[in-house]
Structures are given as C-alpha cells and as structure tokens.
Amino acid sequence: MTAEPTPQVPYCLRLPAFRSVSWQQWLPARLPSLPPGDIDLDTADWSLSCRDLDELLHALHQAGHSVQLLVTRCRNTLISAAALGLPVREASNEIPTIEARDDQQNEAITNVDLTVHRGTLRSGDHIETQGHLLIVGDVNPGGSASAEGDVYVWGRLRGRAHAGSKGNSSAKIVALQLRPLQLRIAELVARGPEEQPQPGLAEQACIQDGAISIEPASPPFLPQ
Amino acid sequence: MTNSRTILICSGKGGVGKTTLTANLGIALAGQGARTVVLDADFGLRNLDLLLGLENRIVFTAQEVLAETCRLDQALVKHKQEPNLALLPAGNPRMLEWLKPEDMQTIAGMLSERFDYVLIDCPAGIEDGFKNAVAAAKEAIVITTPEVSAVRDADRVIGLLNTHGVSPVQLVLNRVRPKMMANQEMLAVDDVTDILALPLLGLVLEDEQVIVSTNRGEPLTLNGSASPAAKAYGHIARRLQGEDVPLMDPAKDGRRGIRARVRQLMQTKIF
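First to last, the protein sequences are chains A and B.
Going left to right, the first sequence walks through residues 29 to 252 as our numbering numbers them.
Going left to right, the second sequence walks through residues 89 to 359 as our numbering numbers them.
Simulated from the structure, these hints should not be mistaken for laboratory data.
Hints are not guaranteed to be accurate.
[What the hints assert, rightly or not] Pair ranges (Cβ atoms, derived):
| hint | chain 1 | residue 1 | chain 2 | residue 2 | range |
| --- | --- | --- | --- | --- | --- |
| 1 | A | 221 | B | 166 | 18 to 28 Å |
| 2 | B | 182 | A | 42 | 31 to 41 Å |
| 3 | A | 96 | B | 91 | 20 to 30 Å |
| 4 | A | 77 | B | 156 | 23 to 33 Å |
| 5 | B | 351 | A | 118 | 54 to 64 Å |
| 6 | A | 92 | B | 145 | 49 to 59 Å |
| 7 | B | 159 | A | 113 | 54 to 64 Å |
| 8 | A | 77 | B | 334 | 37 to 47 Å |
Where is the CB? At the ideal position from N, CA and C, for every residue including glycine.
Using the sequences and the hints given, assemble the complete structure.
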C-alpha cells in the first residue's frame, strides 16, 4: 500500500451566467487570477457540445490548468463531458449544511446530505460527491465512486471507490459484495484482495492500524 | 414507414465482428422478407461493401446524397442475389471533418422512409464516428467477445448509449468457444451478462468459415450454409423480428457425443 500526499482542495472556476457574455471573451481576463495547477470547472447552466467543451478545456490547458472535475446543471454538458472522459458531477440546487467538529485531522462530517445514485456505474463512469454516497446498483470494473464521507454500494463493488476523499480517515466503504479493483480511504490506497468474498456476506473496508482492512459489515452506518 | 427500425451495431472494441454481424444480419433479415438497408458509418476505414462483395458496384456514396449531387436511389446499391437488401456506402474519409450528428440523422431519416430495417455499422471507438452514428440510432445491438478487454469496452459503450437515450440495447456474444468455456479458460456467458446486464440477443460460435466468406465477399447467411455461425446469425435475425428462438447453451454443446463433435469439428475446423 502506498501513502499519497493529502489532496489540496482544488480551486473551482465558475462560468458567468449562460448567454450573459461569451466565455471566449470572458476567460482571458480571468486566467491571470487563477492559482496554478488543477482546477474544478463549474459550468452551471451552460449548454456545451463536445466541440465547445473541448475548446474550453484546450484554452484552460494552454494557460497551464487542467480540469479534474466538471460540475454542471445542464444535461447536454453532462453528456459532452462523459463522452470526453471527464469526471463530472451534476450540481444540485440545494446547499448541504455542514457542521464540522473542531478536530484537525479527522473531521467528522455531520448533518450532510446523503447523495443517492440509482443505477449501475459502468466502465468509465465516475461519480464524486460531498458528504456520503449511496449507490443502489453495481460499480462495474472500470467505474469509480468518490465521496468526502462514506461510500455505500447496495450491490457489487467491482471497480474503484474512494471514501474520505478530502482526508477523513474514519470514512469507510461498505458493499453487499466487496470485490474491488482498488480501494482508497483518505490518503491510503489498497489493491483489491485476490480471494473471492463469501457469497451473501456484506463487507466493509476501513482504516485500522494505519492500513485499509476488510471485515464483515457492521453498524453504525452514516455516522451521526 | 412508421414501424421502421433503426438499429446501431457497435462494440467499442475493434475487430469483434460488427461489420460481419451487420452484413450477415442484413442478408438474413432480407431473406426473411424484410426490406433492409445497411449503412456503413465508418468513413475512415470502410469495409461493409467488401464483406457484401459490392465494392465494384459503388458509384455514389452517402456524401453525395447529403450534398444532393445525386438522389438516394442512385446511391443505394442493391445486393446482386438478395433483392430485399441494399447498401448505402460510406462517404469519403474527408467527410469526417464536416459531418455532424444532424447529417447522420438526415440520412437515417431518409432511409427509414423506405426500409423496414436500417442497420448502421458503427466504427470502433467512442470518438466522433461513434457520436455521429449514435445520433441517428433508435436501438442498438452491442457485440462483444468473451474477453476481458472487449467486455470492458462494451460496458463503456453501453453507458454512453444509455446517456444518449438509445433503447432497447441488446447484446450479441461473438466468437464463443464452448470447449474453452467448459475448461474455464474463457469467460463464461454468465460472467459477461453479469457485468453488462443486457438481454442476450444471440450467441455466435467461433467459426473458420467466417474468414473464408469475408475474403470471398459472400456472407455466410447468403447460401444457406450449415455452419454454426450462419445458423446463429439466422436465429438472431428471427429473434430481432420477435420470434422466440431458444438460445444455444455452449456448456451443453461441449458435452455432446463423439459423432456430433466430429461433425462440428469438420464444419468449424476449430479445435
């Protein structure tokens, strides 16, 4: 298992209201004020075809920024991003309320929305949320799920899952059938075990003694 | 034509048998009485015309139809032996640069007015060629072989088809070797359907005759060949038309008697 550096919270670049201004004119003025490195891109209501999105990504890339996550409210942009292989998140209109305790390293995330995703994550799909994530369906090999809190898969986890994506090492990954390609909790990474799990046994992965270990799933779920 | 069906045949991975399936399915459907047109959506590396043996009969292509340089029926190539089947050849590779999804929709729309079945042979990959072809399709058949990489790519494609709202999507499993499956050297049918979660439209056995027929430009289903692949294609066509034809079980196949196995050996020449 390798330890990775704690991920920084990426800067989120938000496009102005759709059709209020052309992004090609707006972007060059904004570029100098962006911090260097990877950023998130929030395209809000903008409807971007694959060609448009490609252009936008290219313009950002030329300035030395690569987009690691796209947030959008528009279905068209969602499809374009998926086709380009970009991780994408559908923005909800509700703002989750976060009440964090004052711990420095292991912040418990309380009172945060649970995001429920119905349906199977196929190869190439990636879902990323704040708070906890419940997937009612499978995660196919090649698919990945990531949450700042816990990841629950009501189905077979055969792809990748990352719980505690912002550094919460008390997060866990629970699945009806845990057969992952790769598990990540906070900064730790682990390959999936070679042995098949017992059929009918739900398992969970959490950090114990500085390593990710798998044990039969047991309550409590969704920490209060 | 109100109950015309536009079906995209795609796979993600290259070389798993899309064009072969399109050609054979086209002939089989036409032979069962349905007016069928096959459209080659691979403008860069087209070979649907090769498989059908119609390469030297192409005068106009889809490109000229869109540019309105010719009428649709001038571009359509009728199959020499199967009158119910026509081919609309792919355009020039340069066409790729300016072709938009709306153009494909226009072509598919024109075709669905005259034919019961419009089969679109999709290029490999998930880039522009695929995106253009998907815009025109109502349904899809995803074809894959029982190999890890092919299944992974098929999974990705199915995800994209779902995003584009193509429905229903059915699965064809190609190049099946029952003996390898029985020895667990090849992914089992269940392993594949487990991951892809699609209804199985058909299973096609690995068959050397496919290579022979490709080189000759005579699809297997044309001459009532008794080879297992030809039979499988015929069944797929019947199932597509709504008939309930039971699926062959490759596990049972691997345990047949000596005489049946020798006969199959002689036909497929696969050991």
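Checked hints:
1. The supplied range of 18 to 28 Å is broken by residue 221(A) and residue 166(B), whose beta-carbon atoms lie about 59 Å from each other.
2. For the pair residue 182(B) and residue 42(A), the supplied restraint of 31 to 41 Å holds, since their beta-carbon distance comes to about 40 Å.
3. Remark: the range hint 20 to 30 Å for residue 96(A) to residue 91(B) is contradicted by a beta-carbon distance near 46 Å.
4. At about 25 Å, the CB distance of residue 77(A) to residue 156(B) agrees with the hint of 23 to 33 Å.
5. At about 56 Å, the beta-carbon gap between residue 351(B) and residue 118(A) stays in the expected band of 54 to 64 Å.
6. Distance hint for residue 92(A) and residue 145(B): a CB-CB separation of about 54 Å, consistent with the stated range 49 to 59 Å.
7. In this structure, residue 159(B) and residue 113(A) break the distance hint of 54 to 64 Å, their C-beta atoms being roughly 40 Å apart.
8. Judged by the Cβ atoms, the range 37 to 47 Å given for residue 77(A) and residue 334(B) holds: they are separated by roughly 45 Å.
Hints 1, 3 and 7 from the earlier list are contradicted by this structure; the remaining hints agree with it.
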